[in-house]
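Going line by line, the protein sequences match chains A and B.
633 is the number that the working numbering gives the last residue of the first sequence; the numbers go up by one with no jumps.
138 is the number that the working numbering gives the last residue of the second sequence; the numbers go up by one with no jumps.
Read the hints as simulated data drawn from the structure, not as lab findings.
Among these hints, one or two may not hold up.
Unchecked claim - Coverage of chain B stretches by chain A, computed from C-beta distances (three or more under 8 Å per stretch; other residues unrestricted):
{"id": "1", "segment": "62-74"}
{"id": "2", "segment": "78-84"}
{"id": "3", "segment": "94-104"}
Idealized CB from N, CA, C, for every residue including glycine.
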Amino acid sequence: MFDVERAIAEWRQRMSAAGVKSERNLNELESHLRDDLARQLKLGSSAEVAFEFAVRKIGQSDAVATEFEKAAPAKEIRERKIKLLCVVFTGLLYLLPFVLSIPKPWIGFDPIQRWLGISAIVLTILSLFSGSVLGRILPVIPNQRIRTRIQFAFVIPVIVWIAAFGFAILPRLDLTFGQGTVAILWAIAPLAIFGGLTFGLDEAAYRATS
Amino acid sequence: MHSIAMLEKELIAASTEPLILSLLSNGESYGYALIQEVKRLSEDKIEWTDGMLYPVLHRMEARGWIKSRWGKSENGRKRKYYSIKKDGHKALGEKREQWTAISSVLRNLWKEQYV
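My request is simple: use the sequences and hints to build the entire structure.
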C-alpha cells in the first residue's frame, strides 16, 4: 500500500539533495504539497496519483533549487563565502606549524602532553568547522544587526583572554617547551569554539531565510 | 469550440509580482491559495509551476514589499502566510501604472486598426 508519509520524506530528501537546503523552505514546499494532496484526495484521486501529480506540479527539484538560490540576497551569499574562506584559511594557518614539523613531531613532549596537545588541535579544528552543524540547532536571529552584536559579544571576551594569556600570564609561567605548547594550544581553542558559534548563528539565519 | 491559448512564459513571469501584490492587497494569503486564485481568475490561462512561486515570494519579502509569518492551517498543520507591506502597496501602485499604460497603448492601437 502507498505510504504518503514515506513518499513525502523521500521527496524532501530529493529536494534537499538538489540544493533546497533550508529547512524552512522545505517545510513551506511540503506544506504546499500537502495542501495540493488534500485537495486532490477530496476530489476523489488515489493517494499515489495525487502525490505524483502534486510533485510534478511543484516542479523539477534542480530548477526549484536554482530559483531559491537566485532569490537569496547576493550580498548574503558573498559574505557567507568570504566567511567560509576565512575559516578555511585560519584552519590551514593553524595547522601549518604542525604540518611543517611532521618529520619530527612532538619531540620534547611526554605522552600526557602529546595527547593533551593533539586533543586541543582536534577540538580547535572541529570547532572551527562546526558552524554548518551548529546552524541546524542554534536559534534563528534574522536581524543582522542584532546577530552581529551577539557575535561581537561572543568573540571580544575570547580575544581579551588570548591577549591576557599571551602578554600577562604566559611570560610569568616557568614552563618547559612541551608544557608551553600545550598551554598555548588550549588557550587558542576557545577562539575556535566561539568562532564556530558565530559562524553557526549566520548559518542558522541563512538556512531560515534563504 | 474556440479556445484561447495559454499565456506566454515571459508574459506570465513579468506579471507574477503585480499579481501577487494585487492578491495580497486583498488580505493575507499563502502560496497554494495564491496559485489557485490566479488559476481561477485567469480561467486556467495562467498556470505557475508551483515550486517557482516561493522563491519569488522570498525575493519580494527581501525587498520589503511583503512579510511572512508561520501560522496554522485549518487542520492544524504549519503554514506560511504572506501579507503586503507599505512598500508593497507603493510597488503595486507603480506596477499598476506601467501595466495600465501598456494596456492602454495596445487597446488604442488595436482600436485604430480594427474599427
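Exercise for the section: Kindly indicate which numbered hints from before are broken by the structure, ordering the numbers from low to high. Expected result: Going through the list in order, the structure violates no hint and respects every one.
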